[in-house]
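Colleague: Take a look at the letters that make up each chain.
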Amino acid sequence: MGVRGVRMKIQGLTHRYGARSPLTFDQIDLEAQRGEFLAIIGRSGCGKSTLLHVIAGLLRPTSGTVHLDSELVEKPSPRWVMMFQAPHLFPWMRVTQNVGVGLRFAGWPQKRIDERVNEVLELVDLRDFANSNVQDLSGGQQQRVALARSLVMEPELLLLDEPFSALDAFTRADLQRDVRSIAKRLGISLIIVTHDIDEAVIMADRALIMVGAPGTIYKEELVINLPDPRQREDAAVQYMRKQLMTAFYDAAGSAPSAVGRGNGPEAEEAAPVRDKAGAAPTKRRIVPAA
Amino acid sequence: MRTDVAARGPEGSAFARASSRGARHFVLGVLGVLVLGIVWQIGTWYLVSQPETRAFGNFGPIPTFQAFPRLWEQGRIQSAINASLVDRLATGLFIAALIGIPLGILVGRSKWFREISHSPFQFIRMISPLAWMPLAVLVFPGWNWAIVYLIVIAAVWPVTYATAAGLAKLEPAWYKVARNLGASRIQILKEIVLPAIAFDMFSGLRLALGVAWIVLVPAELLGVTSGLGYAIKDARETVDYSYLTAMVLTIGVIGFLLDSIFVALINRYSWYHRRTAS
Ligand SMILES: Nc1ncnc2c1ncn2[C@@H]1O[C@H](COP(=O)(O)OP(=O)(O)OP(=O)(O)O)[C@@H](O)[C@H]1O
Ligand SMILES: [Mg+2]
Chain A
57 MGVRGVRMKI
67 QGLTHRYGAR
77 SPLTFDQIDL
87 EAQRGEFLAI
97 IGRSGCGKST
107 LLHVIAGLLR
117 PTSGTVHLDS
127 ELVEKPSPRW
137 VMMFQAPHLF
147 PWMRVTQNVG
157 VGLRFAGWPQ
167 KRIDERVNEV
177 LELVDLRDFA
187 NSNVQDLSGG
197 QQQRVALARS
207 LVMEPELLLL
217 DEPFSALDAF
227 TRADLQRDVR
237 SIAKRLGISL
247 IIVTHDIDEA
257 VIMADRALIM
267 VGAPGTIYKE
277 ELVINLPDPR
287 QREDAAVQYM
297 RKQLMTAFYD
307 AAGSAPSAVG
317 RGNGPEAEEA
327 APVRDKAGAA
337 PTKRRIVPAA
Chain B
270 MRTDVAARGP
280 EGSAFARASS
290 RGARHFVLGV
300 LGVLVLGIVW
310 QIGTWYLVSQ
320 PETRAFGNFG
330 PIPTFQAFPR
340 LWEQGRIQSA
350 INASLVDRLA
360 TGLFIAALIG
370 IPLGILVGRS
380 KWFREISHSP
390 FQFIRMISPL
400 AWMPLAVLVF
410 PGWNWAIVYL
420 IVIAAVWPVT
430 YATAAGLAKL
440 EPAWYKVARN
450 LGASRIQILK
460 EIVLPAIAFD
470 MFSGLRLALG
480 VAWIVLVPAE
490 LLGVTSGLGY
500 AIKDARETVD
510 YSYLTAMVLT
520 IGVIGFLLDS
530 IFVALINRYS
540 WYHRRTAS
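Protein chains in written order, with my numbering: chain A, 57 to 346; chain B, 270 to 547.
If you're looking for bench data, these hints aren't it; they were derived computationally from the structure.
This one's a predicted model, so the numbers in the text were calculated from it and none came from an experiment.
Some hints here could point you the wrong way.
[To be verified] Using 25 Å as the maximum straight-line C-alpha spacing, the simulated BS3-like pairs for lysine-lysine come out as follows:
| hint | chain 1 | residue 1 | chain 2 | residue 2 |
| --- | --- | --- | --- | --- |
| 1 | B | K445 | A | K131 |
| 2 | B | K438 | B | K459 |
| 3 | B | K459 | A | K167 |
| 4 | A | K275 | A | K298 |
The task is simple: from the sequences and hints, build the whole structure.
Modeller: Laid out in structure tokens, this is it:
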């Protein structure tokens, strides 16, 4: 497939919102292969959105690093783009202008922007709405515009924060399938945060569970090596879903400290690059036969 | 959205858009003006019917309209408009926008600045601009600049506070999205902030125009020897009543036309009204 994706390496990532706030998440280590799709599931408030913001360079970590290939993420870039839970379109712009806005920021000539925008609108199946006012679109169509706005940048990494949770089941299923196939076709790396276990199984190559306050990545992860396209009702998908559900409840049952990580305020003192031999629990991979 | 302008403009140019809505606006607009003209004529008849005001017949609509060709030939209307509109009003509004928009951005964006500026700004805002006149004449070189100053001090507040109110409506997520797509600070200002608040800025400028126009004429009654206010004073002193009413009418018509321009701009840049569904 494509070669656009990127290798991600997160080391000892720790975050707190303010000097007196508790840790949002603590000492997260995570790696992803080029073009791999990760899903992160976890309860509300465990710090998933914050983690994505840090990976996108929209928030600075308190300590720890995010590397995409060899580059340290310190600020936002059109090469690693985040798509938010709400479309957040610019209401004074038409669909095409919304989609092309990032290319305009990058200083592309209008003619090339138009060409590229048309391609991407085709990709997300919105060509008939190119000149619509975005406020006249349905929620699903708006989210497609937001997706097109991200895809048009041809990012190396696409970060999705519960992008479909506000949509009806049918639109959601369509978009889950479409986003996966589009991003796979383009070879983009992808991380999706979701509450929806089905969504994780349908969209990701590997599912991670985030637990606790401060949040940590649970020791068990699920490799989802299913063929495409994946349907919710497929037996294999249902099986994976059950596996993930079980792991999720196991994770919820074990407090973060039970996983063996410091989660008190003293953990903040930890050096940015964590002593691997120290706190890291051994990872367990569930790799069911497909 | 651009097509809405014709239909929404108060004068409703039905010819631009042969829609029934535009036509209705136009007919009602003409009707309103006719009613105003009739009231004016009835008032004149009343003045003429009273022995002590019989001499004021020239205040009526017919002598007034008859005065226009004469005044135009003498170049009085043109020079008054030029002095009032270009030299004073436009200059004053331009300076007010130049000061008010950045000031509004500061008030809207910086809590610290908003709090520290609140009392002094409200204090200055409540001083009638005309009360500055004697001071302004001393400080500024010539009456013309003194009048420009009065317009600025009257017009800067609506621009400032409308801009700040527009900024308050900006969704923080828009900045995040823009930063996320690689926008620089300048680009965020140009592509996000300004288009988002253009509607409010023009609404502020429209209010500013209203107060500036009201301040302008009385300010011109003093000192200067040009402009619409001066023309009124001149007409009174020469007891030329139709000249006087013609200038009053000119003031109204120009104010109305200027206001219509801002209404058109506001409609052009307005996008709030469609947001209900999202
Ligand atoms: N701007 C902020 N300032 C201070 N604390 C914040 C801020 N945003 C989030 N938090 C806190 O950080 C924690 C993690 O929030 P975050 O939004 O990352 O959770 P989440 O896992 O994405 O939750 P959800 O699934 O509900 O979206 C929460 O306890 C929240 O209260
Ligand atoms: Mg969240």
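Colleague: Now look at each hint and say whether the structure bears it out.
Modeller: Evaluated hints:
A C-alpha spacing of about 12 Å is found between K445 of chain B and K131 of chain A, which places the hinted pair at or below 25 Å, so the restraint holds. For a cut-off of 25 Å, the pair hint linking K438 of chain B to K459 of chain B stands: about 17 Å separates their Cα positions. Restraint check for K459 of chain B and K167 of chain A: satisfied, since their Cα atoms lie roughly 20 Å apart, inside the 25 Å limit. Restraint check for K275 of chain A and K298 of chain A: the C-alpha separation of about 17 Å stays at or below 25 Å, so the hint holds.
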